[in-house]
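*Asks:* Please build the complex by placing chain B on the supplied structure of chain A, with the hints as guidance.
Protein chains in written order, with our numbering: chain A, 1 to 110; chain B, 1 to 115.
Certain hints may be false.
Unchecked claim - If you want the footprint, here are the derived chain A segments under chain B, 3+ residues with CB under 8 Å:
#1 25–39
#2 78–90
#3 98–104
Simulated from the structure, these hints should not be mistaken for laboratory data.
Beta carbons: idealized from backbone N, C-alpha and C, even for Gly.
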Amino acid sequence: GIQVEQSPPDLILQEGANSTLRCNFSDSVNNLQWFHQNPWGQLINLFYIPSGTKQNGRLSATTVATERYSLLYISSSQTTDSGVYFCAVGDTGTASKLTFGTGTRLQVTL
Amino acid sequence: NAGVTQTPKFRVLKTGQSMTLLCAQDMNHEYMYWYRQDPGMGLRLIHYSVGEGTTAKGEVPDGYNVSRLKKQNFLLGLESAAPSQTSVYFCATLPYLAGRTDTQYFGPGTRLTVL
Numbered sequence: 001g002i003q004v005e006q007s008p009p010d011l012i013l014q015e016g017a018n019s020t021l022r023c024n025f026s027d028s029v030n031n032l033q034w035f036h037q038n039p040w041g042q043l044i045n046l047f048y049i050p051s052g053t054k055q056n057g058r059l060s061a062t063t064v065a066t067e068r069y070s071l072l073y074i075s076s077s078q079t080t081d082s083g084v085y086f087c088a089v090g091d092t093g094t095a096s097k098l099t100f101g102t103g104t105r106l107q108v109t110l
Numbered sequence: 001n002a003g004v005t006q007t008p009k010f011r012v013l014k015t016g017q018s019m020t021l022l023c024a025q026d027m028n029h030e031y032m033y034w035y036r037q038d039p040g041m042g043l044r045l046i047h048y049s050v051g052e053g054t055t056a057k058g059e060v061p062d063g064y065n066v067s068r069l070k071k072q073n074f075l076l077g078l079e080s081a082a083p084s085q086t087s088v089y090f091c092a093t094l095p096y097l098a099g100r101t102d103t104q105y106f107g108p109g110t111r112l113t114v115l
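Chain B extracted, bound-state conformation:
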């Protein structure tokens, strides 16, 4: 039972390059989230999904796209990377519990540097 895994762990890009971050979970959770953390700050929500085939914008969605083709995977794409997207990216999951919520489970993070 791996929980929440993120691939890759580290990546360096040049401005204008594209890449995809993968979040995978084996807990059968309905909800999945992508957050970014900039130095000295808390995490901010980029996009989220409430189930397979669904996505929605969070607080800071510009410059990112997401897809949830399979329930266990949530992909975060950068089509044309910019230095402002240098950050640590965290994925999180949450089980669906009718009428209440629960702990969000976080992955180990992906450290991305855009030169």
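With the rest of the complex left out, here is chain A:
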């Protein structure tokens, strides 16, 4: 199956700092999503981005499918950005089953 690696595993930032999270995957995909899991365990869809670039407020994401990686940018971080960020990819077969990475745990401090 597809392998998904995320880096860094842990990240501590001061409020206002910028960061880049990376997701590498081992095979062609037809689906790539970034999620934020908040401290209460809720999974929040950030981006559906199998290719290209998208922006939503302080967050943006870029996927380079031919080179099998995706980047999530967080600018001007806030304490509410704390939590775990997951990258998940879907295989090119039917049913679009997702394979998740192990996540990047982000802590934003004052």
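*Replies:* Using the frame of chain A, we list chain B on its own:
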């Protein structure tokens, strides 16, 4: 429009007991999935369904059974719970879109503890 709901939110079982988790959706999505999340890990696929009356195994299906008798509901059953099944269970849905895919929508999760 409730989206994806999961019942119950929390449950504690003793080893050997059985239970059923319910996932319900009101978005008329064809595909439904059950994932589990263990501490410090990403989600792993247990079973999935590509339509009413269909089910298929995912990455970690052992110890679980599923049914999709109605399009809007996907049931996950544990016949004889084991401590290794202590986890948070997430349901997800996806609309069928010929030739392409889209965002999977996730429920709020069910936290299950097996003693």
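*Asks:* It remains to establish, for every hint, whether it holds in the given structure.
*Replies:* Structure-based check of all given hints:
1. Coverage of a stretch by a chain is defined here by at least three residues with a beta carbon nearer than 8 Å to that chain's beta carbons; for the region 25–39 of chain A and chain B the count is 4, and the condition holds.
2. Closer than 8 Å: that is the beta-carbon criterion, and the region 78–90 of chain A has 3 residues meeting it against chain B, so the requirement of 3 holds.
3. Judged by the Cβ-Cβ criterion of 8 Å, the region 98–104 of chain A is covered by chain B as claimed, because 6 of its residues qualify and three suffice.
Every hint from the earlier list agrees with this structure, and none is contradicted.
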